[in-house]
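J.: Single-letter residue listing:
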Amino acid sequence: MNRYPTWKYCLLLLVLVIGVIYALPTLFGQNPSVQVSSPVAGATLTANDLQTVKQALIDKKLGYKSIQQEGKSVVILFATIDQQQLAQDYLKALFTNRYSIAISLAPAAPRWLLALGAEPIRLGLDLQGGVHFLLQVDTQAVQDERVQTDLHNIADSLRDQRIRYSGIELHKPSTIQLTFQDPQMLTRGIDLLGSHFPEYVWRTTKSMVTGQLTPSALLSINQYAVAQTIETLKRRVNELGVTEATVQQQGADRIAVDMPGVQDATQARDLLGKTATLEFHLVDTMHDPMVAAQGVAPPGSQLFFYHGQPILLKDQVVLTGDSISSATSGFDQNGSSSVNIVSSGQGNSNFYRITGENIGKPMATVYIETKSYPVMINGKQQIVYKLEKNIISIATIQNALSGSFQITGLANPDEAKNLAQLLRAGALVAPVTIIAENNVGPSMGQQNIHLGMLSILIGLVCVVVFMMIYYSVFGVIADIALLLNLIFLVAVMSLLGAVLSFPGIAAMVLTLGMAVDQNVLIFERIREELRHHVSVQTAINAGYEKAFATIVDANVTTLIAAMVLFSIGSGPIKAFAITLTIGIITSMCTAIAYTRAIVNSMFGGRKIGRLPIGIKVKPQQGGKN
Amino acid sequence: MEFFKQNTKINFMGLRKYAAVFSIILFLASVISLSVYGLNWGLDFTGGTQVQVSFQQPPVLNELRDQLAKAGLEKVTVQTYGSTRDVLISLGEQKTGAQQDAKLLSDQMTKQVLQALPGATFRSVDFLGSSVSSELAYKGLLAVIVALLAIMIYIAFRFEYRLAISAAVAMIHDPILILGVFSFFQIQFDLTALAAVLTVIGYSLNDTIVVFDRVRENFRKMRRATPVEVVNGAINQTLSRTIMTSSLTFIVVLVLFLIGGATIHGFALALMIGIIVGTYSSIYVAGAFAVFLGLTRKDLLVSVKKEVDAAP
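Protein chains in written order, with the working numbering: chain X, 1 to 625; chain W, 626 to 937.
Just so you know, the hints here were simulated from the structure itself, not pulled from any lab data.
Beta carbons: idealized from backbone N, C-alpha and C, even for Gly.
Not one of these hints is a red herring.
Computed list of lysine-lysine pairs in DSBU-like fashion (alpha-carbon distance at most 30 Å, straight line):
#1 Lys389(X) to Lys361(X)
#2 Lys417(X) to Lys389(X)
#3 Lys206(X) to Lys172(X)
#4 Lys234(X) to Lys92(X)
#5 Lys846(W) to Lys634(W)
#6 Lys695(W) to Lys736(W)
#7 Lys616(X) to Lys634(W)
#8 Lys736(W) to Lys92(X)
#9 Lys736(W) to Lys234(X)
#10 Lys417(X) to Lys234(X)
#11 Lys546(X) to Lys846(W)
#12 Lys846(W) to Lys616(X)
#13 Lys234(X) to Lys764(W)
#14 Lys361(X) to Lys417(X)
#15 Lys546(X) to Lys616(X)
#16 Lys634(W) to Lys546(X)
#17 Lys8(X) to Lys607(X)
#18 Lys389(X) to Lys172(X)
Computed footprint of chain X on chain W; a stretch qualifies when at least three of its residues, placed anywhere within it, have a C-beta under 8 Å from a C-beta of chain X:
#19 811-825
#20 863-870
#21 880-892
Sequences are here, hints too, so could you generate the full structure?
T.: Below is the structure:
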């Protein structure tokens, strides 16, 4: 009784070693770092580049901890966040186009440890400092636009097949209505609509046909909108140079963006919250823009100004920015600046058809942005919103465009570069609104870490001392289990990539108390058995056995509470729930398996007179030990 | 070392009528406090902007209020946050139309706040649109209800329905008392405090279940005892453990409360009250209520019999 087979000891030891390895990097902490890489994706920096950067830092007397080549980039480690910020600002200004500069937190653990795949625990924003945004995607706007596009496509298709209709209208929110004079046309119309546009439900009433998007079509449009927006935001966040930012979907139509280490929220907000979209329109060459500038634009076209000259653009959107998967600046055959574009996705076939019909005609790229202006109204300052549409380039269509094509006719290489960058950062598919924001200054983050660590330490010391006094040797065993629990908790969290938030540290402190509870249950039981004068070995065995069911029951209820918290919570609360859950599970392992192993090895299978569990048991008359 | 040298034989159940009165008084007091004073809802539930700043010297709050009012900011609450030098400025949702307007306005407000208060250093800012905050409040309430139900079902399944009901009574009793304290002292109640309340529900169950476990075992062993004696015995036997664990967890949370800083303040306080109230409720509310409902050996024998049948 009370002996573990050797293999069990080996297993426990192995798990312990693994736990320690994965928990160790967290102990080393992290250093604020600046990463310098080549602006061309995939290219490696050379030793020369390292020298250049190093020299720049020395020239400006910017202190740093170390600078070295790591993979394709040069990584500079700093002692404090302030140093990191100064260096980042300076290097960014100095090397604007030469290098791309990004900030991150680099683990300070030795190389071999990191090579094993161990990393320090991920810190939440409230510990690192940084900015968090919650964005709402306006899916209604996406639907509207889709219906608009379809409206034109339907009209085109009907005309192609020579099906005459007398009217086509859009009824808000997303219903298309067609009127047919000729019943034969109506029948043919219905056939075509049903086969070419199956995402709509088509109904006939007398001479009218109405179509509405099916719920599943709406769902896929929304999902696509959110997914695309996430992609675009990821690209934009990359442009900001934050390597550890996360962009995640939250719920049906919301996106959470976390940018650790970012100090200036305004720049981030500008880039993210820009409700900007790109559209391609054909230039209306049939009507005179000068005339329109005096009076009214003809139906089907809108008046714009490009470089001060009036110009008419057709309403129909030929291609939207979200169909562009890549854009690079370059030169065309004649040596003038151009942008090479690769497009993909749904808009492609339409684009091909329309451009094929308009070879030789000019096409404009329109950048649409919602801008806000502070305005004085009645002596009070208010914010006013305006939708701004600007033509950023006009190019001639050389041939039917799809897949990859070129926009030419740009004034100079800079313009081409800007356009390419804009296209790369992606135009948002749908307008997004920032509905929540959280900005933690870095000093606050550092302070939180400091306080958190202190709390854990003091809490641990209190519990350890108390247990030692109260339960003597067994108390020490329980304390060892506590330490193991912390190690496993950190290891599991860093393996899972779970984020540690400040409430998460509170959860760690809480698990200290609860882990101890499990051992208290076992030890009290053993004491009770001893008081009933059973043999020492039986007491130990009985203690563990009888306490087990109680431990499981008690922990399950706390787990239920943690799971409920996990499902309703977001951000820090979620992190708290995760930390609590992991903590309870690891504490069950250490409190039961590991203490048993130690107790067994120390007291098992031998004749023990008195168990050092903090009580004195008077021997029974006749001595029965 | 031990607190109780021999088996204690305190007649806890004997005092149960007094305890019941005591509990009811506290419960009513909490409810009254909540209705009269209400809770000091944190940003997570009200929406709006919260700017945290700190000063070199402890500022005079009224001066700050004047300065902010002069800058044209309305609906402002100013409170110290943690140390005397840290100030939390809450700006309620200023209704100017669309959601986006409010957001940009609050950015401006941050700048304005910093301008209006010379010597203030920025620490952090939180903005929560009202749609999100009302959602959080709704979800929070839902969470508490779901947790209660889930745990009740679990207990009914593992033990017996009367125990489940008594546990439920204890689970409602504890949070209300915590909220009562928060409302009486107008301590800010934010999302982390709500998380603490949920944790307390789970944790207090720990104690209750340990007692119930013993009750079940005792019913099996003490064949001639009355329910009162059985429950008494169970509580006494687990007393040592209950005091130990409660004290240890309390100490640990006290550490958090004292040095954890202002952000964790509400959370730690809720936990501390919760541990005290939870321990008390496990002894009196849960156990006594079960006796009150007429718990007898027969009720638990069914589950015991199931165990016996299941054994090989």
